[in-house]
Amino acid sequence: MVLTLVEHDEEGLDDVSLQALALARDVADQAGEPLEAIAFGAGAEDVAGEAGDHGVETLHAVDSLEEYAPEAYGRAVVQCAEEVGTEAVIAPGTDRGAEKLAHAASKLDVTMAAEVTDVEVGDSYELTRQRWGGTLIEHSRLTAETNLLTVAANEVSASATGGDAAAVEAFAPDLADGDLRVQLTSVEESDVEGVPLGEARVVVSGGRGTDGDFSELEALVERVPNAALGSSRAAVNEGWRPHDDQIGQTGAKIAPEIYIPAGISGAVQHMVGCKGAENILAINTDPEAAIIQKADWAVIADLHEVAPAIAEELEARGHSE
Amino acid sequence: MEILTAIKRVPETGAKVSLTDDNLDIDTTSLGFTFSPHEECAVEEGVQLVEEHGGNVTVLTLGEEEATEQLRSAIAMGADDGILLDGGDAEWGPAGTAEAIAEAVEESDTEFDLLLFGNESADAANHQVGVRVAEELGLPCVTGIKDLDVDGGTATAKREIPGGSEVYEVDLPAVITVKEGLNEPRYPSMRAKMQARKASVAQSEPDPREDDLELVELEVPETDDSPAEILGESPEAAEDVVDVLEELEVV
Numbered sequence: 001m002v003l004t005l006v007e008h009d010e011e012g013l014d015d016v017s018l019q020a021l022a023l024a025r026d027v028a029d030q031a032g033e034p035l036e037a038i039a040f041g042a043g044a045e046d047v048a049g050e051a052g053d054h055g056v057e058t059l060h061a062v063d064s065l066e067e068y069a070p071e072a073y074g075r076a077v078v079q080c081a082e083e084v085g086t087e088a089v090i091a092p093g094t095d096r097g098a099e100k101l102a103h104a105a106s107k108l109d110v111t112m113a114a115e116v117t118d119v120e121v122g123d124s125y126e127l128t129r130q131r132w133g134g135t136l137i138e139h140s141r142l143t144a145e146t147n148l149l150t151v152a153a154n155e156v157s158a159s160a161t162g163g164d165a166a167a168v169e170a171f172a173p174d175l176a177d178g179d180l181r182v183q184l185t186s187v188e189e190s191d192v193e194g195v196p197l198g199e200a201r202v203v204v205s206g207g208r209g210t211d212g213d214f215s216e217l218e219a220l221v222e223r224v225p226n227a228a229l230g231s232s233r234a235a236v237n238e239g240w241r242p243h244d245d246q247i248g249q250t251g252a253k254i255a256p257e258i259y260i261p262a263g264i265s266g267a268v269q270h271m272v273g274c275k276g277a278e279n280i281l282a283i284n285t286d287p288e289a290a291i292i293q294k295a296d297w298a299v300i301a302d303l304h305e306v307a308p309a310i311a312e313e314l315e316a317r318g319h320s321e
Numbered sequence: 001m002e003i004l005t006a007i008k009r010v011p012e013t014g015a016k017v018s019l020t021d022d023n024l025d026i027d028t029t030s031l032g033f034t035f036s037p038h039e040e041c042a043v044e045e046g047v048q049l050v051e052e053h054g055g056n057v058t059v060l061t062l063g064e065e066e067a068t069e070q071l072r073s074a075i076a077m078g079a080d081d082g083i084l085l086d087g088g089d090a091e092w093g094p095a096g097t098a099e100a101i102a103e104a105v106e107e108s109d110t111e112f113d114l115l116l117f118g119n120e121s122a123d124a125a126n127h128q129v130g131v132r133v134a135e136e137l138g139l140p141c142v143t144g145i146k147d148l149d150v151d152g153g154t155a156t157a158k159r160e161i162p163g164g165s166e167v168y169e170v171d172l173p174a175v176i177t178v179k180e181g182l183n184e185p186r187y188p189s190m191r192a193k194m195q196a197r198k199a200s201v202a203q204s205e206p207d208p209r210e211d212d213l214e215l216v217e218l219e220v221p222e223t224d225d226s227p228a229e230i231l232g233e234s235p236e237a238a239e240d241v242v243d244v245l246e247e248l249e250v251v
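Line by line, the protein sequences are chains A and B.
Sequence positions in the first sequence follow UniProt numbering and run 1 to 321.
Sequence positions in the second sequence follow UniProt numbering and run 1 to 251.
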């Protein structure tokens, strides 16, 4: 049996969990084992239909923990894995997915393989996983008694199977006080308005070529629905934009339908953050910039002239927010 | 307060990465070494907390003797002293690394209030050493932090989520793993760099442990470097840009 940790909100399973389920189903198929899942919190059983549609036969619902508590969730994963006798535990490559599984790995005294994109199941698990944010690929062999791995976000395509709803089994972990030392205390809403970078269909981003003036890019973003403004690390280092806007290896990882980097050279670390973009349209004065090699389309001109012209053309064609 | 920050010597890879002949490592012949941006923020945070509350920052690394260079860089940023866990040439996986760090913490004469780690190392990206050290030492752990405040015996740590932040409050001592954006790491002065050369670095040799994740081979992924379709070289290209946006049905 292969056990997958899934995360959900009121709208159902999140995208990265569906991606984890796709890889987990592949592992389960190769191993000739059924796919099961574990979900936490209020409404965990409500995702049984969606989980079944993505190949899950049984959903273990843990609704006894009101607030998110990583160590307690990790303990619950260990107990569930031991009770059902799984050969692998697979989690989405999110902050929560990684920390829950890291707690579980430590408790089981096995290594967790992170950022996995492919698994070949044999006597051991032959893994393909990302290092350096994906600029390097590692082929490795996981030989633990229980194989724990996280699936790199936005690297595996989710796919529904059309299966029936998963059978729901309530799971009540046996927790000690120490497991609950870290619990979510509260959630603060950001005072930044607009579409979050990770959810935008269009991302316009500025770098050193803006010379610190992002006004034209801001105006362009306001004209496009579901668009967000990002920046390169260079622009953040200059103090022109907050770090929250940074796209790259140590910043946001985005997956828009189109990414429009303006005045960004295209350093390796930046490209790691936008490699999930379906299309790239670069605006840069330098035809030799690395970003031109990475883009699908390019405009070789000054962003301060091009961005307003695009906004004007959108308005002329009746595209207005 | 007593703070420990853990760092790792990694190759600086701004340029295109190439591999050694056996495909088991990055070819560092023309690369320098550094420690990762997350860890720079961990060191900076430790130094700022000590500037505010008093105490000491100890910086620790597990690696070859050359990693002393990174310890001294962290000391130049304001850490007080360093510990080198000399791991020699052996391969150190996350479980063995965490065991060695936890053992060093337990054996230290210092009672640390806070252990700061990068959320994941820039090179191996295993995402687990901080959590494992916390588990080994029986300490609470919060990961992926971009805002940290310490008041008395309590740390308030915030983690970014889409549209806001998750807030965690934990009693010290605790382990916190941080991400870039927590603060702006300072550039050490030349004077600080010179002084760091003389700072005390303790050394010990931990026993390696076999890891159950065995490296088979590294690979540099192929990239599509076909040139972009040039839509124009003036603002008049805006028409073609909007054509693209309409074709993709995003406007």
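Source of the hints: derived by calculation from the structure; they are not laboratory data.
Remember, predicted model here, so these are calculated numbers, not experimental data.
Please note: incorrect hints may appear among the correct ones.
Unchecked claim - Heads up, simulated DMTMM-like pairs for lysine to aspartate or glutamate below, C-alpha to C-alpha not over 20 Å straight-line: (1) B:Lys-146 x A:Glu-305; (2) A:Lys-107 x B:Glu-99; (3) B:Lys-198 x B:Glu-65.
Each hint tested on the structure:
no. : hint                  : in the structure
1   : B:Lys-146 x A:Glu-305 : violated, 35 Å
2   : A:Lys-107 x B:Glu-99  : holds, 13 Å
3   : B:Lys-198 x B:Glu-65  : holds, 16 Å
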